[in-house]
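Enquirer: Read off the chains here:
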Amino acid sequence: MPDKKKTTIVLFSGDYDKTMAAYIIANGAAAYDHEVTIFHTFWGLNALRKDNQVPVKKNLLEKMFGKMMPRGTDKMGLSKMNYLGMGPKMIKHVMKKHNALPLPQLVDMAQEQDVKLIACTMTMDLLGLQKEELLDGIEYAGVAAYIGDSEDGNITLFI
Amino acid sequence: MPDKKKTTIVLFSGDYDKTMAAYIIANGAAAYDHEVTIFHTFWGLNALRKDNQVPVKKNLLEKMFGKMMPRGTDKMGLSKMNYLGMGPKMIKHVMKKHNALPLPQLVDMAQEQDVKLIACTMTMDLLGLQKEELLDGIEYAGVAAYIGDSEDGNITLFI
Amino acid sequence: MPDKKKTTIVLFSGDYDKTMAAYIIANGAAAYDHEVTIFHTFWGLNALRKDNQVPVKKNLLEKMFGKMMPRGTDKMGLSKMNYLGMGPKMIKHVMKKHNALPLPQLVDMAQEQDVKLIACTMTMDLLGLQKEELLDGIEYAGVAAYIGDSEDGNITLFI
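Chains as they are written, first to last, in this note's numbering: chain A, 275 to 433; chain B, 275 to 433; chain C, 275 to 433.
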């Protein structure tokens, strides 16, 4: 039996539109039977945050980072034409009209399709994000795991 | 006869400088006999717009998107140092001085070299862009075609 | 003896956070015995600038570009939450607290690990950057060299 094809994505961006592109490609590749990994680092970690505040101990700077960054995909802005939040509203409106899945459901679908969602532990440390604040069912790893996953991959992207 | 090498680029960005990087890599790879595909999605679709207004039926939101987004590569801004449009003027000035091809001609050259230019149909729907508004000689496809093209590829980039 | 695995990164961005991601991946891949290349183009060239002013002959526009762009990694801003320079200060503060290597040392480490650092000669021409202004021990090449390096690669990224 031949090995499965592999798609590995580094999700660095925390923008709604780029995160959507990442998850659409991931779900597409999974539907074509690829082994798919999304490695969430820097602002990309925000895609994995629970949308409610979780009571954990933080220092002042970690609290500030926590407040300034969006809690989960639904609160993200656009990389272009954000217009103080009008842009995401417009995009979500047309997505609904065209029956396109909203981003939080694209994340659910990825988990159902066994896309491996990894949170970069180094960035979690830097930004003061703790496991309790992130979605269930994800994995935790560093750059070594990313290299191991992607060096035999077919599609490797940085988004 | 061995298979040709393959380069596939997802062009997500609608910035002049990033689009230029994408087309320079695409033309370079084509010159080295790669089979090259650029899959234009989200703001990257603007690279494929005709530079004149095309009379098509649109709803209000689609008209707004149409007006706010640049019509073709020549009207794009820079990802950095845009300075209300001064940046692109400066870049175009130095490109001319150094005999570098301006972006619209890089797109022409890509078409002459048989680089496959694909417009993402899902994003066309969302942003209300219609075939009549886009360049001739391009193809239309979704994420499945992108996965098919790039899973056997050598160079896979997201720009 | 099998060929070494290859990682090739196009570093287009001139942001502190994205450049850090590029160099962390590059150093990680080098530690796993990959042959690693970072091809610095457009704003990514700034990562290779010496941090002091070097006296070279420039025309007016080249002087302007030279002044507006950061001299070396330590002077870069963030892609998100830059807050007029507060963001980089905060990130550097938490990096120090967590004993993470600051970006200039990540560049040193890459050179020690024989990561090939290439400056894109076409962009050097456009932005008026000269060899004297860039770090010692780097290479100079164009898009053809990039295609040659990455077409047999395992991990290919555009950052």
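No lab work stands behind these hints, which were simulated from the structure alone.
This structure is a prediction, so every number in the text was calculated from the model and none was measured.
Each residue gets a CB set at the ideal place from its N, CA and C atoms; glycine is no exception.
The reader is advised that the hints may include incorrect statements.
Claimed, not checked - Restraint ranges, calculated between C-beta atoms of paired labels, are given here:
#1 A/Pro329 <-> C/Glu386: 42 to 50 Å
#2 C/Glu413 <-> B/His372: 18 to 26 Å
#3 C/Lys363 <-> B/Asn356: 37 to 45 Å
#4 B/Val330 <-> C/Asp325: 35 to 43 Å
#5 C/Asp325 <-> A/Lys370: 23 to 31 Å
#6 B/Val330 <-> A/Gly359: 25 to 33 Å
#7 B/Gln327 <-> A/Lys370: 24 to 32 Å
#8 A/Asp348 <-> B/Lys332: 44 to 52 Å
#9 A/Lys363 <-> C/Lys363: 31 to 39 Å
To be verified - Each computed DSS-like pair below joins lysine-lysine, with the alpha-carbon atoms no more than 30 Å apart:
#10 C/Lys390 <-> A/Lys405
#11 A/Lys279 <-> B/Lys331
#12 B/Lys331 <-> B/Lys349
Enquirer: Taking the hints in turn, state whether each one holds.
Expert: Here is how each hint holds up against the structure:
1. A/Pro329 <-> C/Glu386: 42 to 50 Å: holds, 44 Å
2. C/Glu413 <-> B/His372: 18 to 26 Å: holds, 21 Å
3. C/Lys363 <-> B/Asn356: 37 to 45 Å: Violated, since lysine 363 of chain C and asparagine 356 of chain B (Cβ atoms, about 25 Å apart) do not stay within the stated range.
4. B/Val330 <-> C/Asp325: 35 to 43 Å: violated, 53 Å
5. C/Asp325 <-> A/Lys370: 23 to 31 Å: Taking Cβ atoms as reference, aspartate 325 of chain C and lysine 370 of chain A lie about 50 Å apart, which means the hint is violated.
6. B/Val330 <-> A/Gly359: 25 to 33 Å: holds, 29 Å
7. B/Gln327 <-> A/Lys370: 24 to 32 Å: holds, 28 Å
8. A/Asp348 <-> B/Lys332: 44 to 52 Å: violated, 28 Å
9. A/Lys363 <-> C/Lys363: 31 to 39 Å: This hint holds: roughly 33 Å between Cβ atoms.
10. C/Lys390 <-> A/Lys405: Violated: lysine 390 of chain C and lysine 405 of chain A sit about 36 Å apart, past 30 Å.
11. A/Lys279 <-> B/Lys331: Cα-Cα ~42 Å, so violated.
12. B/Lys331 <-> B/Lys349: holds, 23 Å
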